[in-house]
Each structure stands twice: as structure tokens, then as C-alpha cells.
Amino acid sequence: MAKVNPVEISQEAARQNTNTMHLALRPFMMISQLLATLPVTGTWQKSSLEHVHFSWCTLIAFLSLIMITFSIIDVVLSTKVVVELGLKLYTVGPFSFSIISALSVSSFLQLARKWPNLIKHMDRCEQIFLQKSYGNKESRNFSHNVRKFGGILLFGAALEHSVYIMTAIFNNDFQIKQCNLTVDFWKNYYMRERLQIFSIFNYHAWLIPLVQWITISTTFAWNYVDIFLSMIFKCFAIRFRQMHWRIKRHVNKHMEDDFWHEVRNHLWFLSNCCTFSMMACQL
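Reminder that position 133 of the sequence shown reads as 133 in UniProt numbering, one-by-one numbering, no gaps.
Hints may be right or wrong, so weigh each one.
[Unchecked claim] Pair ranges (Cβ atoms, derived):
| no. | residue 1 | residue 2 | range |
| --- | --- | --- | --- |
| 1 | LEU85 | LEU267 | 51 to 59 Å |
| 2 | LEU59 | HIS261 | 31 to 39 Å |
| 3 | SER162 | PHE201 | 23 to 31 Å |
| 4 | MET255 | LEU65 | 49 to 57 Å |
| 5 | ILE208 | PHE233 | 35 to 43 Å |
| 6 | HIS244 | PHE201 | 52 to 60 Å |
| 7 | ILE247 | ARG192 | 52 to 60 Å |
| 8 | HIS254 | ILE99 | 58 to 66 Å |
| 9 | LEU65 | LEU85 | 38 to 46 Å |
| 10 | PHE201 | SER230 | 32 to 40 Å |
| 11 | GLY42 | ARG192 | 37 to 45 Å |
| 12 | GLU160 | PHE259 | 41 to 49 Å |
| 13 | LEU267 | ALA168 | 48 to 56 Å |
| 14 | ASP226 | LEU181 | 31 to 39 Å |
Rather than coming from a laboratory, the hints here were simulated on the basis of the structure. Backbone N, C-alpha and C fix where the C-beta goes; we use that ideal spot for every residue, glycine too.
Start from the sequences and build out the full structure, keeping to the hints where you can.
Set out below in C-alpha cells:
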């Protein structure tokens, strides 16, 4: 009888334990923490989900509320600019951006309240698909595949935003040169880009870090809605393909009723978990 190496077993178990949604999304959750987008605490834990929870009495939740407050103020100021200047190209853009950003930040706060239950429910479901009978090649690299997918989406969003900023800087420089303006370059840039803010408040250099943090956070929230939801359902897509892989392995074979009973139960559990996640993610 062949001997089983306990070291290999422990390495296999450790590898399997890293292939969960919680750990796959962990780097992206930590980025969202820095920008006060998804105020859930305990996401830094590598394995245990016991510490994942939402509380109003945390710094990240407080910062998220500040973000929502600033987003609402931005909507009000953008509306004021549209009312005063009318629907024009340079007023509609900030107006639509402020509305979508406010909705995105508010939606993620709502999702944060549901996230602890959602991720724990998903973890119970995933224990089924960490079994050897579902161990196809894709599932063995589950976290890597999900992170790679999310990284590509995040890079694309960052690239899109970078192109927008470079275009805005170019247009600002073009305006200053063509109109022979004697205004400070960055003052004119922010007066153009954040007209709704600096039409009310006087421009001060010390305000710029705050304005930038709000802009980056709201822009991230806008893009993060698509990225985060895409990553969640990428996780489910892999789990469903594991189910398909297991069934396909037994094509043209006579399987006992217990096998099909188990597969049906697993499919029901996965479908139920997917439905639960969709209801929680109705942003």
C-alpha cells in the first residue's frame, strides 16, 4: 500500500484554502478600504472570516459617510451650475459624473452591510468545490485567475482615467496659450475641472489634496461597481465550470443514484448561493 506524505497533504490543503472568493478578492477589498469605498472591517484576515463584519463605529465607515456627504454636495453644486449655465458640454459631464458617483458610493455602503453574511454564505458553499472531485486545473488556480481578471479590469479603468487626465491637462494648456491667459496653470486646471466647487469656494492650494482624494475615490467607486461585480460572478462562473467538469468526466458511464443525488444537491446549493449574492448585489 502506497504511503501518503503528510507534507504533501498539508501543502495541498493550504493551497486549496487559498482558492476562495474571500482570498481572491482580498487585495481589491484592501484597495477599497484605502479609498473608503467598501467599509467592511476584517478583510485583511487571510483565512478566518470570523472578523469580517460591518460596523458604523469604525473609521472606514466614518470616512465612507464623509464621502457620501461630499458626493451629495457635489450633486447639489453641479445641479446649481447646470441651472445657471444651462445644459452644455462642460456642465453635463460633471453633473452626470456627480450623480453616478454619489449612487455608487451609497450603493457600496449598502453592500458593505450585507457583505459579512454574503461572504460567509459563499465560504460554506465553496467548501464543496474545494474537494478533490471538483479539482480541475482552473479551480487549482482559482485565486490567481480571479485576481488576474480583476487586475486587467482595474488596469483598464486606470488607463481610461489617465487618458482623461492627460486630455484635460492638454486642453488646459491649449486654452492658456491660445487665450494668452496669465493665470496659474493648476489653478486654471482645477477651475475648469471642478467648476461646481470653485464657483462657490475660492481656490486655495490646501484644498487640492481634499478635492483630489474625493475625485479619485468617487471615480474609483464608479469603476469599482463594474469591476467588483464582474469579479464576483467570475468566481461563480469558475464554480459552475467545476460542476460541468465533474459531470463531463463521467459521460457514457453508469453512475450510482448517490452520485447524481450529490451532484444535484451541490448544484442546488451553488445556485442558491448565486441567487443570494445577486440579491445582495442589487446596487
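Status of each hint after checking the structure:
Under the hint 51 to 59 Å, the C-beta atoms of LEU85 and LEU267, about 56 Å apart, fit the expected range. Range check, LEU59 to HIS261: Cβ separation about 49 Å, and the 31 to 39 Å hint is violated. Between SER162 and PHE201, the C-beta spacing of about 27 Å keeps the proposed range 23 to 31 Å intact. Distance hint check for MET255 and LEU65: the Cβ-Cβ separation is about 54 Å, which falls inside the suggested range of 49 to 57 Å.
In this structure the supplied range 35 to 43 Å holds for ILE208 paired with PHE233, their Cβ-Cβ distance being about 38 Å. In this structure the supplied range 52 to 60 Å holds for HIS244 paired with PHE201, their Cβ-Cβ distance being about 57 Å. Restraint check, ILE247 to ARG192: a C-beta distance of roughly 58 Å satisfies the suggested window 52 to 60 Å. About 59 Å separates the C-beta atoms of HIS254 and ILE99, a value consistent with the hinted range of 58 to 66 Å.
As the Cβ distance of LEU65 to LEU85 is approximately 31 Å, the hint placing it in 38 to 46 Å is violated. Between PHE201 and SER230 the beta carbons are some 37 Å apart, a value that agrees with the proposed interval 32 to 40 Å. For GLY42 and ARG192, the Cβ-Cβ distance of about 42 Å falls inside the hinted range of 37 to 45 Å, so the restraint holds. Roughly 48 Å separates the CB atoms of GLU160 and PHE259, a value that falls within the hinted 41 to 49 Å.
With their beta carbons about 50 Å apart, LEU267 and ALA168 fall inside the hinted range of 48 to 56 Å. As the Cβ distance of ASP226 to LEU181 is approximately 38 Å, the hint placing it in 31 to 39 Å holds.
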